[in-house]
Amino acid sequence: GAVVSQHPSWVICKSGTSVKIECRSLDFQATTMFWYRQFPKQSLMLMATSNEGSKATYEQGVEKDKFLINHASLTLSTLTVTSAHPEDSSFYICSASRQVTYEQYFGPGTRLTVT
Amino acid sequence: QKEVEQNSGPLSVPEGAIASLNCTYSDRGSQSFFWYRQYSGKSPELIMFIYSNGDKEDGRFTAQLNKASQYVSLLIRDSQPSDSATYLCAVKGGGGNKLTFGTGTQLKVEL
Chain B
1 GAVVSQHPSW VICKSGTSVK IECRSLDFQA TTMFWYRQFP KQSLMLMATS NEGSKATYEQ
61 GVEKDKFLIN HASLTLSTLT VTSAHPEDSS FYICSASRQV TYEQYFGPGT RLTVT
Chain Y
1 QKEVEQNSGP LSVPEGAIAS LNCTYSDRGS QSFFWYRQYS GKSPELIMFI YSNGDKEDGR
61 FTAQLNKASQ YVSLLIRDSQ PSDSATYLCA VKGGGGNKLT FGTGTQLKVE L
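Sequence lines, in order, name chains B and Y. Residue 33 in our numbering sits at position 33 of the first sequence, with consecutive numbering throughout. Residue 64 in our numbering sits at position 64 of the second sequence, with consecutive numbering throughout.
Be aware that one or more of the hints could be misleading.
Some but not every residue of chain Y turned toward chain B, in silico, with C-beta under 7 Å [to be verified]:
{"no.": "1", "residue": "F34"}
{"no.": "2", "residue": "S43"}
{"no.": "3", "residue": "T103"}
DSS-like cross-link-like pairs, simulated, lysine-lysine; straight-line CA separation at most 25 Å [unchecked claim]:
{"no.": "4", "chain 1": "Y", "residue 1": "K98", "chain 2": "B", "residue 2": "K55"}
{"no.": "5", "chain 1": "Y", "residue 1": "K98", "chain 2": "B", "residue 2": "K20"}
{"no.": "6", "chain 1": "B", "residue 1": "K14", "chain 2": "B", "residue 2": "K64"}
{"no.": "7", "chain 1": "Y", "residue 1": "K56", "chain 2": "Y", "residue 2": "K98"}
{"no.": "8", "chain 1": "B", "residue 1": "K14", "chain 2": "B", "residue 2": "K55"}
{"no.": "9", "chain 1": "Y", "residue 1": "K108", "chain 2": "Y", "residue 2": "K98"}
{"no.": "10", "chain 1": "Y", "residue 1": "K98", "chain 2": "Y", "residue 2": "K42"}
{"no.": "11", "chain 1": "Y", "residue 1": "K56", "chain 2": "Y", "residue 2": "K108"}
{"no.": "12", "chain 1": "B", "residue 1": "K41", "chain 2": "Y", "residue 2": "K98"}
{"no.": "13", "chain 1": "B", "residue 1": "K66", "chain 2": "Y", "residue 2": "K98"}
{"no.": "14", "chain 1": "Y", "residue 1": "K108", "chain 2": "B", "residue 2": "K41"}
{"no.": "15", "chain 1": "B", "residue 1": "K55", "chain 2": "B", "residue 2": "K20"}
{"no.": "16", "chain 1": "B", "residue 1": "K20", "chain 2": "B", "residue 2": "K66"}
{"no.": "17", "chain 1": "Y", "residue 1": "K42", "chain 2": "Y", "residue 2": "K108"}
{"no.": "18", "chain 1": "B", "residue 1": "K41", "chain 2": "Y", "residue 2": "K42"}
{"no.": "19", "chain 1": "Y", "residue 1": "K67", "chain 2": "Y", "residue 2": "K108"}
{"no.": "20", "chain 1": "B", "residue 1": "K64", "chain 2": "Y", "residue 2": "K98"}
{"no.": "21", "chain 1": "B", "residue 1": "K55", "chain 2": "B", "residue 2": "K66"}
{"no.": "22", "chain 1": "B", "residue 1": "K20", "chain 2": "B", "residue 2": "K64"}
{"no.": "23", "chain 1": "B", "residue 1": "K20", "chain 2": "Y", "residue 2": "K42"}
Keep in mind that the hints were calculated from the coordinates and are not lab data. Here the structure is a predicted model, which is why all the values come from computation and not from measurement. For glycine and all other residues, C-beta sits at the position ideal for the given N, C-alpha and C.
All chains should be built: construct the whole structure from the sequences, respecting the hints.
Spelled out as structure tokens, the structure:
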């Protein structure tokens, strides 16, 4: 398989502050990375698709000004949650996709708690 | 209508039995099909993927695809307690490269 890392694994921040989450594909180049959010006992929700060198494509209902995504290289994508609020507390998971076969490999996730 | 449907379960099987997990999808143009396992509090882990009609085996896992019936399944032979998890079915449609996930089936393997 392929390895995707995510940092930090958990973070606690105060309401109104911003948090940056990094996602790295360690052993393959990922032209596309995805960001998901998952609330307890609920299914994965795709937030956005991130292509290297271009603007991210956000799913309907996801605020692009609140969830800033940058995909500056073939191995790194970042998600910044701006002006975080308690309702943003969730499990954020990134994935990286191989171009030809399209399977996605997930990072270990980041648990965000906003107080 | 949901695009990818799975029975939420829980599906309970005794240790050593075969667990059968099912998934249906609505987009006839779907090309690629994936099974993921997700333990509670963890991120999904890819088990296997299948593109062609028929069966694909990998160790104790067998994926089965029937495009005419728009049906994909995962069989787990010799189920172990460590297989207890939520199994997610994901489908890639005809356009783009994002996957559509089902809501998952919770599997419990009992001693």
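Consistency of the hints with the structure:
Taking 7 Å as the C-beta cut-off, the interface hint given for F34/Y holds, the closest approach to chain B being about 6 Å. Annotation: S43/Y was flagged as interfacial toward chain B, and the flag holds, the nearest CB pair being 4 Å apart, inside 7 Å. A least Cβ separation of about 4 Å between T103/Y and chain B falls short of the 7 Å threshold, and the interface hint therefore holds. Taking the CA atoms of K98/Y and K55/B, the gap is about 16 Å. The hint holds against a cut of 25 Å.
Distance check on the hinted pair: K98/Y and K20/B sit about 23 Å apart at the alpha-carbon level, within 25 Å; holds. A hinted pair counts as satisfied when its Cα atoms are at most 25 Å apart, and K14/B with K64/B qualifies at roughly 21 Å. With a C-alpha separation of about 22 Å, the suggested pair K56/Y and K98/Y falls inside the 25 Å cut-off, and the hint holds. For the given pair, K14/B sits about 28 Å from K55/B by alpha-carbon distance, which is inconsistent with the 25 Å threshold.
Proposed proximity of K108/Y and K98/Y is contradicted: the alpha carbons are some 29 Å apart, above 25 Å. For the hint pairing K98/Y with K42/Y, the CA-to-CA distance comes to about 21 Å; that is within 25 Å, so the pair holds. Proposed proximity of K56/Y and K108/Y is supported: the alpha carbons are some 23 Å apart, at most 25 Å. With a CA separation close to 22 Å, the supplied pair K41/B and K98/Y stays within the 25 Å bound.
For the proposed pair K66/B and K98/Y, the alpha carbon gap of about 22 Å is at most 25 Å, so the pair holds. The hinted pair formed by K108/Y and K41/B meets the criterion: a straight-line CA distance of about 16 Å does not exceed 25 Å. Proposed proximity of K55/B and K20/B is supported: the alpha carbons are some 17 Å apart, at most 25 Å. For the suggested pair K20/B and K66/B, the alpha carbons sit about 12 Å apart, so the restraint of at most 25 Å is met.
Distance check on the hinted pair: K42/Y and K108/Y sit about 17 Å apart at the alpha-carbon level, within 25 Å; holds. Distance hint between K41/B and K42/Y is fulfilled; the C-alpha atoms sit about 12 Å from each other, no more than 25 Å. A hinted pair counts as satisfied when its Cα atoms are at most 25 Å apart, and K67/Y with K108/Y does not qualify at roughly 28 Å. A hinted pair counts as satisfied when its Cα atoms are at most 25 Å apart, and K64/B with K98/Y qualifies at roughly 18 Å.
A hinted pair counts as satisfied when its Cα atoms are at most 25 Å apart, and K55/B with K66/B qualifies at roughly 15 Å. Proposed proximity of K20/B and K64/B is supported: the alpha carbons are some 14 Å apart, at most 25 Å. Straight-line distance between C-alpha atoms of K20/B and K42/Y comes to about 20 Å, which keeps the hinted pair within the 25 Å bound.
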